[in-house]
Structures are given as C-alpha cells and as structure tokens.
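Q: On the provided structure of chain A, position chains B and C with the ligands as indicated by the hints.
As a plain string of letters, each chain reads:
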Amino acid sequence: TTKIESIGINPLAFARHFDYGKIIEENGRKIREFRVEARTTPVKLNEAVTFITWNLNGQVPGPTFRATEGDRIRVIFYNKAGGHSHSLHFHGIHEANMDGVRPVRNGAVFIYEFDAIPFGVHLYHCHIAPVTRHISKGLYGMFIIDPKEPRPPADEMVLIMAGYDVNDDYKNELYAFNGLPDYYMHHPIPVWKNELIRLYVLNMIEFDPVATFHVHANMFQVYRTGRTLNPTEETDVITMGTAERHILELSYPYTGKFMFHPHQDLIAEEGCMGYFDVREK
Amino acid sequence: TTKIESIGINPLAFARHFDYGKIIEENGRKIREFRVEARTTPVKLNEAVTFITWNLNGQVPGPTFRATEGDRIRVIFYNKAGGHSHSLHFHGIHEANMDGVRPVRNGAVFIYEFDAIPFGVHLYHCHIAPVTRHISKGLYGMFIIDPKEPRPPADEMVLIMAGYDVNDDYKNELYAFNGLPDYYMHHPIPVWKNELIRLYVLNMIEFDPVATFHVHANMFQVYRTGRTLNPTEETDVITMGTAERHILELSYPYTGKFMFHPHQDLIAEEGCMGYFDVREK
Amino acid sequence: TTKIESIGINPLAFARHFDYGKIIEENGRKIREFRVEARTTPVKLNEAVTFITWNLNGQVPGPTFRATEGDRIRVIFYNKAGGHSHSLHFHGIHEANMDGVRPVRNGAVFIYEFDAIPFGVHLYHCHIAPVTRHISKGLYGMFIIDPKEPRPPADEMVLIMAGYDVNDDYKNELYAFNGLPDYYMHHPIPVWKNELIRLYVLNMIEFDPVATFHVHANMFQVYRTGRTLNPTEETDVITMGTAERHILELSYPYTGKFMFHPHQDLIAEEGCMGYFDVREK
Ligand SMILES: [Cu+2]
Ligand SMILES: [Cu+2]
Ligand SMILES: [Cu+2]
Ligand SMILES: [Cu+2]
Ligand SMILES: [Cu+2]
Ligand SMILES: [Cu+2]
Ligand code: NA
Ligand code: NA
Ligand code: NA
Ligand code: NA
Ligand code: NA
Ligand code: NA
Ligand SMILES: [Zn+2]
Ligand SMILES: [Zn+2]
Ligand SMILES: [Zn+2]
Ligand SMILES: [Zn+2]
Ligand SMILES: [Zn+2]
Ligand SMILES: [Zn+2]
Ligand SMILES: [Zn+2]
Ligand SMILES: [Zn+2]
Ligand SMILES: [Zn+2]
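If you read the sequences in order, they're chains A, B and C. If you're matching positions, the first sequence starts at 1 in my numbering and goes up one per residue. If you're matching positions, the second sequence starts at 1 in my numbering and goes up one per residue. If you're matching positions, the third sequence starts at 1 in my numbering and goes up one per residue.
So that you can see chain A by itself, here it is in the shape it has in the complex (with noise of 0.2 Å):
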C-alpha cells in the first residue's frame, strides 16, 4: 500500500510542495494515485488559541494535488477522524457519483476516480452539512491540473486563504494563508529579483464573503481560474468569492520585503498577511 505523506503544519514547504500521487498501471492504463487519511488533529493557531481541525493527512490545507489534463486520478479516501462523517468534493467536471457529497462515515474508505478534466486550478472540500464547518476545520486543498503543453518554467507557489472560527459563531476570529495565523510575516517567502513568479491563488474563507487579494509595490497578470495561456487582465488587487481561484503571475524589479494580503484589512490583520522577501539572485 501506499505510504501516507505528510509535511504536517508547515506553510513555509506547504507552498512550493506538489502531490503528484503515485503512478500506477492497471489493466494497460496509467493511474495516478493518491492516499489520503481524514484526521482530527489540534493545531496551535497562535500563543493563545489551539484549534481542533479537521484534516487531510494532518496537513491543513490538505496537500495540493497535481495532475496533467487527461490523467485518470483516483482518490483513496479513509475517513479515520474519529467521529463525523467527511468526503471529498472536488471541482472539475466528474460523474455524479464521484461528486463527494455522499457522507463517508468514520472508519470507512470511498475511491474517487475521474478523468483531470479540465487543465485550469481546482480544489476540493469536504461537502458534508454544515459544509461551512466542515470546510472551516480544515478539509479542504487545492488541485492543479496543467495542461498538456506545460505553462513556462516559473517560481510555483500555492497560497490559499483561510478562516477559523475558533468560538463557533459564524464569525471568523483568525485567518491564515496556508494554515497559519501570520506566519509569513515572521518567516517570509524567499524569492528571487526578476524571476518569474506563478501564484496558485485560493479564497477558502467562510462566513465572510470574499477576499481582496493584494500584493504590495507590483502588479499582476491574471488567468481566471487557470482556465486560459494567456493573461486576461493586470492588476495588484483581484476580488474572490469564497471557492475562487486564480494564476497570478509577477516578477519583482526590486529587492527587499513586500506584503501581500486581503485588501479587506480586518482579515489581513486577523492573520492573512505575510511578506515576500525579494532577493538578488
């Protein structure tokens, strides 16, 4: 069987790490494979607060899938969190009993397998109710399918916005890029001057409507949803509905630290801020 990997909590390799799964052959066709535990795992959020999340291999967000239009992709999903009922929804263009919205309950094991179609940026979530939950915990990732024709050689990052509602009133107290409350502001994202830079943008925040996504002293290339080669727009604020993901691409002319963050500025200072630190290379 195959082995479950995990980089834990850890935003700093969370960013630039890919799950390509394992490639498999089955009856003359190529499989690529991926193994994936539902957890209960409680989490530091910051000095004060400890989180009980909900997750994938004890990764929030859960690891970042990555396929290649066209690849036939299986899922082997246990639920072993220990209580609630959890599955695993994922965007892209399935049949409807692969849709992840049948519960899975604890101890038992679902396969999802479908084709990676269509090349763009896709995520999945848990889809039990209250969905807002259940996302909210922590069961939630990313999932990238390239198109057949490679995007041109870039610095890749994933940078997935977060809330945590940590008393239960629908309201949320922290936010985090990838996991973790500031993080980045403490240990920014070392990149290099005039390389370019391909971000894999994912608003998963519940309870508030949208977030702004902003990055300081520069400007953007947008590609909606992944779903293009070409730009469609340049800007250095782009608003996301919760589920919404974008490529946004940029190289930085100058060295030193930049902020990114949500333009709504109570949820970047509640947590989803950091900087990237531009280096001369």
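Each hint should be verified, as a subset may be incorrect.
Sample of chain C residues with no beta-carbon within 10 Å of chain B, all distances over it, derived [what the hints assert, rightly or not]:
(1) K22
(2) T41
(3) V43
(4) K44
(5) E69
(6) I76
(7) I93
(8) V101
(9) E113
(10) P118
(11) A129
(12) P130
(13) P153
(14) D169
With a straight-line Cα cutoff of 30 Å, these simulated DSSO-like cross-link-like pairs (lysine-lysine) come out [what the hints assert, rightly or not]:
(15) B:K3 - B:K44
(16) A:K171 - B:K171
(17) C:K30 - A:K257
(18) A:K257 - A:K44
(19) C:K171 - A:K171
(20) A:K30 - A:K3
(21) B:K257 - A:K80
(22) B:K193 - A:K148
(23) B:K193 - A:K30
(24) B:K281 - B:K257
(25) C:K171 - B:K171
Because the hints were derived from the structure by calculation, they are not lab data. From the three backbone atoms N, C-alpha and C, an ideal C-beta is built for every residue, glycine too.
A: Coordinates of chains B and C with the ligands only, in the frame set by chain A:
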C-alpha cells in the same frame, strides 16, 4: 384590457417561463405591452415560516419580461398592494421620467414606456426607500433583451437568488432560488445530457454583499451581463454583487443529480441550493 | 517651499480636481513634487454627526495625484496630525523602502520618491495598524497615472466610495461618495448630454467587503484598474472589493437627473448615493 397572467409561486414553472407581453399596434408602431399589479401575498417559505411578500402578479420573483432589442416596451403598473407606495425601476437605457424612482401610491397606476436597449440580461425592482426592504419583500424580476440575431438554440432557464429577512433585522434567515427555499432540492430541474443549457442568473440578495454562483461537476461559459455574443471566461464559480446578472452556458456529459448553489455555503444551506437532474435524451 | 493647496471638504470641487504637483528640475531631471500634510480635522457628516477625520491637507478624500507614466514622483509627507503615526502607502510599482509601511511619527517628515509606473488608476492610503481605522478615518486618495499617449478627451471625474465607523464598532453607520454623505443627492453633478464621461471610481470602504457600483438608466464601458486602453466589458453594475478601482466610460442620451450608487442598497441609503444632472449642451 389584458388579463393578468401569473404562474403563482411555482419555481419549476417559473424557471422556463418567459413573459413576452402582448404585441399591440398603435399609430403604425409595434408595442410590447406588459400589464402587472403590485400585490401583497403571504407565502409559505417552509413548515415554520409564512412571509408576507410584496410582489408582482402574485409571483416571487416577478415575471421574466422578455423582448428583442429595439422593441418599444410598455409596462402598465397598477399598485394594488393595499398599503405602501411602490415603483418599477428597470435597468437598461431610458429617459429620466421612466426611471421608476418616483412612488406610485396604492390604488394608482403608472405607465412605463421605453425602448428595449441594449440587448443583455437586465432586471427590474421597486425603488422605494428602504430599497433593501422593497426588494427583499419580493418586488423584483428579470428583464431579458434578446439580440436581434437570436442566440443559438438552448434549454434556457432563469435562476434568481434572493434572501428573506423574516424578522426585520437587516439579515437574511432564509434564501432561495426562484422564490422558495430548498425547492429544487426536492424538485430537481430536469435537463438533458449533452444539451446546451443557457442559464440567466441574477443575484437579488440584499443584506449579503455577494453570492458566488457554483455548479457541481462542471464548468460554464460566462457572458457578462449578457452583453456579449461570445463567452469571455470559463469557470465554475462566479462572484456576483447585488443586481449582477450573467448568462452562463454549460452542458452535462453525465447523467445524474448535480447540485448548484452559491459557494458562500451558509447562504446555500439556508435554502439557496438545488439540483439539476440530468437525463439521457 | 511649495504652498499646501486644499479644496477642503467640497465634493463638487473634488470630483473634477486633479493635483498635478509642481514640476521641478533637479540635476537635469524632471520631478513632479507633491507636498502634503497629515492633519486631524472635525468634519460635519450630517446634522447629528461630527466626525474627527485624519486626512491629507484638510481634505477627505485626499488630493487626487495625477502624473504621466514614467514621471519621477516625489511626495513630501509631513505628519502634522498631532498624535498618531501615519504613512503613505502607494499602489503601483516601487522600491521596498518607498512602500509606506513604516510609521512617520507626529512632527516628522518622510519623502517618498518613485517612478510613476504603470499607467492606470492607483490609490494611496495610510498603512499604519489598524489599517481599517487609519483608512476609514480619512487617510486615502486616488493616484492616476496617465498613459504617455493620453486617453481621448472626456469630462473626467473621480468618485471614491468610503464608509464612516462613527462609533468604533467595526461597522459603518454612514457612507459617502467623495467624503460627504448624500452630498450629490442635494447637489447633483452637472454633466452634458451626449458627452463622453470618464469616471475614475475607487472603493475605499472598510468593514464591508465589496460595493457594486451602479448607474441608473445607462450602461458603462469598463477599463479594469485603468490598465487597458480599450474596454473589456459593458455593464451597469461592477462589484469592487476594498481598494479596487476602475475607469468607467459612459454618455447620457437623455437629459434629467439620474442616480448612481452601490447596489448594496443599505450602503446607498446610508449616504453613498448621488445624482448626475444631465443637461442639454
Ligand atoms: Cu463545492
Ligand atoms: Cu499595497
Ligand atoms: Cu437599481
Ligand atoms: Cu462543487
Ligand atoms: Cu495597501
Ligand atoms: Cu438602476
Ligand atoms: Na467565531
Ligand atoms: Na492581529
Ligand atoms: Na433577519
Ligand atoms: Na438548512
Ligand atoms: Na460603527
Ligand atoms: Na438614509
Ligand atoms: Zn467533513
Ligand atoms: Zn467547492
Ligand atoms: Zn498592505
Ligand atoms: Zn416597493
Ligand atoms: Zn437595480
Ligand atoms: Zn456544493
Ligand atoms: Zn494613519
Ligand atoms: Zn491598498
Ligand atoms: Zn437605484
């Protein structure tokens, strides 16, 4: 006089019902005439909640008016709601005195007349203060202007998202597609596999700033505000502020039941959720 | 020294007033210099509410800085607000030490210098925490960078939406275009029939995630973030997250008074609403 036609509160009939008005000739000119009444009607939203709506012709949403670009439109509006003043404010291009911001008193009638320009998906709603209340009580509907050269044949339907503030606290407790919470969960909308579906989607939710319309297991082509003849974007989530409306085109390659809902999951789970039931033709 | 010019709190003057700075030559190089002061000023928002603003030059919004792409910009920023530290963070491309995230203490001065790139509609605002407060108290404005080849002649004006949290509860009780609630309701903005109007619209509302700017009885062409020379969309509602800004072009074929407001009608009815008064030329 034209008889008032109404489909009552019937989301399944509503989705595919278009009101083309009555063609009349006047001084050698063709006029498309609509005859509508503001009414006050209790509507049972669920087992526990009956809500007093203000509505057009006993319908929530009001009738979907439909015309071709360049038609002359006449809307004979009777206020028979029995209390408050109301009005009909149309989106689209028209003269100031046809803008529908002036109150029409109970018992009074006003005749709105203007050219149907430009082609696209528009809307109408009462514009009496507080507008949040006059809209969320039910006085709104869609106004489709077809291009002179019609769009390709498709299974066309209207989906209007709205909220109900049942306790007058400027927050919504219930939401709906086409008037009734959770209706399409229990009565999925039948569609054919591989047939082109053309959705006319409007966000008419007050108090919540946006709704991000999502379909499961599929992607759609976006014609923003219906103002283009070719799509400008493909995605499965589109963030729509109050009064935003778009044409979305898609087709299901698989049979079965597929959800649609805004991805602000709190809105979905309080009634703004439904199924397409995709069948073999 | 350059004299500080200010139009005070005067929405009608503000809308069409552009601050081009003072051109100075330095070591053979042309510099566009702006001299501004952070101040603390009470502003009467309505009969009942006087609000202590933090502002630039006694104006809310601050002056609309305007330059041509490639100009060298120098902003001499005095903090004369009498208490808190403040800063000026500009959108656009610049070096890290010019990013305006470092506090400028009361009584101190800081000189921001950078190239005006790229052309488009940008903004500036104080970036001292809590940013929500420093922005909503009044420290923000627009920064227009014209393309080298200017846009076609038009009646150009600035419309900035903002909110006032008058009781410090992280919610807005009042809203305004260009500083004063409901001002343009009582003093409509005069425009000419059939003349091209170019709106530079910015959403600077904190606490509410978005505002969907709407004009009555008309449609506008959208130039997103002012980063294009040709429009990419036509509509009459555009959803803008905090810090989003666009160029919108339209022209009125009929005379009379026509409203504009965000279609989140609660925001409109608490002060963010106005009229154009369209006149025969
Ligand atoms: Cu979903
Ligand atoms: Cu910035
Ligand atoms: Cu309106
Ligand atoms: Cu989905
Ligand atoms: Cu900023
Ligand atoms: Cu309108
Ligand atoms: Na909470
Ligand atoms: Na904080
Ligand atoms: Na309510
Ligand atoms: Na429910
Ligand atoms: Na307040
Ligand atoms: Na008011
Ligand atoms: Zn779950
Ligand atoms: Zn989703
Ligand atoms: Zn910032
Ligand atoms: Zn009304
Ligand atoms: Zn409207
Ligand atoms: Zn769903
Ligand atoms: Zn400040
Ligand atoms: Zn900003
Ligand atoms: Zn209006």
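Q: Does each hint hold? Answer for all of them.
A: Results for each hint:
1. Listed as outside the interface, K22 (chain C) is consistent with that label: its C-beta sits roughly 40 Å from the nearest C-beta of chain B, beyond the 10 Å cut-off.
2. No beta-carbon of chain B is positioned within 10 Å of the beta-carbon of T41 (chain C); the least distance is around 30 Å.
3. At the 10 Å boundary, the C-beta of V43 (chain C) stays outside the reach of chain B, the nearest C-beta of that chain being 25 Å off.
4. K44 (chain C), annotated as away from the interface, keeps every beta carbon of chain B farther than 10 Å; the closest lies near 23 Å.
5. Annotated as non-interface, E69 (chain C) keeps its C-beta farther than 10 Å from every C-beta of chain B; the closest such distance is 27 Å.
6. Interface exclusion of I76 (chain C) from chain B stands, the closest Cβ pair being 38 Å apart, more than 10 Å.
7. Distance to chain B confirms I93 (chain C) as a non-interface residue, since its nearest Cβ pair spans about 27 Å, more than 10 Å.
8. With a least beta-carbon separation of about 28 Å from chain B, V101 (chain C) lies farther than 10 Å from that chain, consistent with its non-interface assignment.
9. With a minimum CB-CB distance of about 37 Å to chain B, E113 (chain C) clears the 10 Å threshold, and the non-interface call stands.
10. Distance check on P118 (chain C): its Cβ is at least 23 Å (rounded) from any Cβ of chain B, clearing the 10 Å threshold; non-interface status holds.
11. A129 (chain C), annotated as away from the interface, keeps every beta carbon of chain B farther than 10 Å; the closest lies near 24 Å.
12. In this structure P130 (chain C) is separated from chain B by more than 10 Å, as the shortest Cβ-Cβ distance comes to about 21 Å.
13. For P153 (chain C), the shortest C-beta to C-beta distance to chain B comes to about 23 Å, beyond the 10 Å cut-off, and the non-interface label holds.
14. Every Cβ of chain B is farther than 10 Å from the Cβ of D169 (chain C); the closest lies at roughly 15 Å, confirming the non-interface assignment.
15. Straight-line distance between C-alpha atoms of K3 (chain B) and K44 (chain B) comes to about 26 Å, which keeps the hinted pair within the 30 Å bound.
16. Proposed proximity of K171 (chain A) and K171 (chain B) is supported: the alpha carbons are some 14 Å apart, at most 30 Å.
17. Simply put, K30 (chain C) and K257 (chain A) have alpha-carbon atoms about 29 Å apart, close enough for the 30 Å limit, and the pair holds.
18. Of the pairs offered as hints, the one joining K257 (chain A) and K44 (chain A) holds, with about 26 Å between alpha carbons and a cut-off of 30 Å not exceeded.
19. Proximity of K171 (chain C) to K171 (chain A) is assessed by CA-CA distance (about 14 Å); at most 30 Å being required, the pair is judged to hold.
20. Our distance criterion of 30 Å between C-alpha atoms is met by K30 (chain A) and K3 (chain A), whose separation comes to about 19 Å.
21. In summary, the hint linking K257 (chain B) to K80 (chain A) is supported, as the alpha carbons are separated by about 28 Å, within the 30 Å threshold.
22. Of the supplied pair hints, the one linking K193 (chain B) and K148 (chain A) holds, its CA atoms being roughly 27 Å apart against a limit of 30 Å.
23. For a cut-off of 30 Å, the pair hint linking K193 (chain B) to K30 (chain A) stands: about 28 Å separates their Cα positions.
24. Our distance criterion of 30 Å between C-alpha atoms is met by K281 (chain B) and K257 (chain B), whose separation comes to about 15 Å.
25. Under the criterion of a C-alpha separation no larger than 30 Å, the hint pairing K171 (chain C) with K171 (chain B) is consistent with the structure, at around 14 Å.
Going through the hint list in order, the structure satisfies each hint without exception.
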